[in-house]
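Visitor: Got chain A sorted already, so can you dock chain B onto it with the hints?
Note that the protein sequences, when read in sequence, are chains A and B. One gets my numbering by counting positions in the first sequence from 1 and adding 815 to each. One gets my numbering by counting positions in the second sequence from 1 and adding 4 to each.
Think of the hints as simulated: they come from the structure by calculation, not from any bench. We put the beta carbon where it would ideally sit given N, CA and C, even for glycine. Hints may contain errors.
Short, incomplete list of chain B residues facing chain A, as computed with Cβ under 8 Å [stated by the list, open to error]:
hint, residue
1, Ser-7
2, Asp-115
3, Arg-146
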Amino acid sequence: MSGTYLGMPAFPEAAREAVANTTLRGNLRHATHTIRAKRAKAVAEVSDWAGLREAGKQIKDHTLRHLDRYLVQLEESVTAAGGVVHWAADADEANEIVVRLVKTTGESEVVKVKSMATQEIGLNEALQAEGIHAYETDLAELIVQLGKDRPSHILVPAIHRNRGEIRDIFAREMSEWGRPAPEGLTDSPAELAEAARLHLREKFLRAKVGISGANFMVADTGTLVVVESEGNGRMCLTLPETLISVVGIEKVVPTWQDLEVFLQTLPRSSTAERMNPYTSTWTGTTDQDGPSAFHLVLLDNGRTDTLADEVGRQALRCIRCSACLNVCPVYERAGGHAYGSVYPGPIGAILSPQLRGTGSEIDASLPYASSLCGACYEVCPVAIDIPEVLVHLRERVVQGGEVTRAGNKVVLRPAKGHAAERAAMRAARWAFSHAGALRAGQRAASRTRRFHPRTLPGPGRAWSGTRDLPPVPAEPFRDWWQRTHGGKGGAK
Amino acid sequence: MNSRERILGRVRRALADAPADEAPIARDYLREHGRRTVAETVELLAENLADYRALVHRADTGGLAGLIAGLLEKRGSASVLVPPGLDEEWLAATGVKRVADRAESTPAELDRVDSVVTACAVAIAETGTLVLDGSPDQGRRRITLVPDHHICVVRVPDQVVSSVPQGLERLDPARPLTWISGPSATSDIELDRVEGVHGPRTLEVVLVSQGRIEST
Chain A
816 MSGTYLGMPA
826 FPEAAREAVA
836 NTTLRGNLRH
846 ATHTIRAKRA
856 KAVAEVSDWA
866 GLREAGKQIK
876 DHTLRHLDRY
886 LVQLEESVTA
896 AGGVVHWAAD
906 ADEANEIVVR
916 LVKTTGESEV
926 VKVKSMATQE
936 IGLNEALQAE
946 GIHAYETDLA
956 ELIVQLGKDR
966 PSHILVPAIH
976 RNRGEIRDIF
986 AREMSEWGRP
996 APEGLTDSPA
1006 ELAEAARLHL
1016 REKFLRAKVG
1026 ISGANFMVAD
1036 TGTLVVVESE
1046 GNGRMCLTLP
1056 ETLISVVGIE
1066 KVVPTWQDLE
1076 VFLQTLPRSS
1086 TAERMNPYTS
1096 TWTGTTDQDG
1106 PSAFHLVLLD
1116 NGRTDTLADE
1126 VGRQALRCIR
1136 CSACLNVCPV
1146 YERAGGHAYG
1156 SVYPGPIGAI
1166 LSPQLRGTGS
1176 EIDASLPYAS
1186 SLCGACYEVC
1196 PVAIDIPEVL
1206 VHLRERVVQG
1216 GEVTRAGNKV
1226 VLRPAKGHAA
1236 ERAAMRAARW
1246 AFSHAGALRA
1256 GQRAASRTRR
1266 FHPRTLPGPG
1276 RAWSGTRDLP
1286 PVPAEPFRDW
1296 WQRTHGGKGG
1306 AK
Chain B
5 MNSRERILGR
15 VRRALADAPA
25 DEAPIARDYL
35 REHGRRTVAE
45 TVELLAENLA
55 DYRALVHRAD
65 TGGLAGLIAG
75 LLEKRGSASV
85 LVPPGLDEEW
95 LAATGVKRVA
105 DRAESTPAEL
115 DRVDSVVTAC
125 AVAIAETGTL
135 VLDGSPDQGR
145 RRITLVPDHH
155 ICVVRVPDQV
165 VSSVPQGLER
175 LDPARPLTWI
185 SGPSATSDIE
195 LDRVEGVHGP
205 RTLEVVLVSQ
215 GRIEST
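With the rest of the complex left out, here is chain A (with noise of 0.2 Å):
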């Protein structure tokens, strides 16, 4: 993924750095309980809401399983739609790609659909290394952009800064990327999109390429869907001469009918909305109507590992809605910047460990930055048990075992920073299969009970810090048993 994130701290370090900042964590919060309760409100509405969100997960999980089957079919259909498609093993090759086919139109500028997929591969970097600038048009993007910023949510990259901050940044930069904010800009947000909308609108009208993911593709039809808000998508995939679309393999779905659950649950999931202001859909080329080339750039980038991996694959089921980051008690006091990647949150947790290898700092600590109460899986519209995935990648940062990393299947070792652990793991394991053993230990401490410290000396400090140590009985249970035939020989 994008080398933005590199040598990012563990998440317990960032973490403990954003928990710090009280305007973050009150931004969070406002805007996280914002959503939450209107979402609950949208979903109410539909009394199917559990048809809807299985049948989009057996939708999801039934192309996953023939997902080569419909990646050809898909190709098929956009072919003779009269588009191109290219396939990416991973980031490098998709942004050559890319840089490729803009060059190839001569043209030193594109503008941008807020797009996931581009954000992880670091397209806009790429494309800046070869001199092609990428503008972001989604509003919340541009403040990202604006600010040098990095995205921190799957939905409203922004969404750590509020109205006031917002203000700043648009006053101060926009002026060194095109149209200046207008004067006297106040903090209204009706003003900031004005002032967006004015910025942004010679940027589209002179475009000549856009750059897109897609919520969507349909396998059968050859048809790609973009859902969004403000129309700064519309914008960019049907004024521009080229289209470029960088989109996830794990996207296709397999027919047009499969999209009746989708175009109903990703709204209501996302913004909380019966249907987003603006949804788009395109089929190859039409004469005379928006681009004239369609490229479609299919993405895999650690897609198939995360395919081989039994539990975890269950991530690729994701729509990217952001409920289960919207939700979750640990992104609304850390934010999303702690957790090292485009995808935050619960999702990004279990996704960008298995996309990016457990081998960071960042990557080895993600699945461990959960209190695993479940909101998540609860909210998830395609029903993806983040907990079990969390908990099975606990696993195995800690114990390592057998993985496919770009395609290949390798065998991790066991993470360092958890040796303790497996010490203790280990001891309770010989200790527990040694009856003689366990008892001698037991009698031992029954003894000792009142030298026992009330916190654990070392390391162990942190654990016992917030937490009381176990009192430990004056007789150990089995010696009570046998003593008292079960209680029933006259206990004392």
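Guide: Frame of chain A, contents of chain B only:
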């Protein structure tokens, strides 16, 4: 080996141990939510359109031209974009300058037009959604995007369906579709909805009834 073969090969290896799935997908969800008469469905469409800040008007076939003329006048529009197949009767009562959408019209030219009048393909009541499919009475996607004022005419009850599943059934995926639910909006500032970003900031919907709507 090229990347296409590499990716397909990785997929097949990844699925080698996956159990077969033979069961058909359980579609235990509703084709529409609740039971309504035709008139109630149209009423729901109007409510949901208005809930997302579209301005809803009603007319019968005879009053349509007068209503559209009034809307353009009230807006103060000096020019109106006209898709090639728009019913000429609809603009019969207005003197506002008509601008035809030509293949060579640039986005900047479209940006100088004040309003656009189109028909639609389908309207979905439960979500308050209008779908345009690029037919001659709706025109190219760009003409309903760049001007800041969009008047969309919905023939009721014929073009109205209850739900998203019913809407998809009526639509042709081969055509470029634009689903519109209220004017352009954003939730990007503190996750609260604000109307009016890049698409038309004013969306007016005219529900034009053809004959009497059955009330039972």
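Visitor: If you test the structure against every hint from before, which numbers come out violated?
Guide: none
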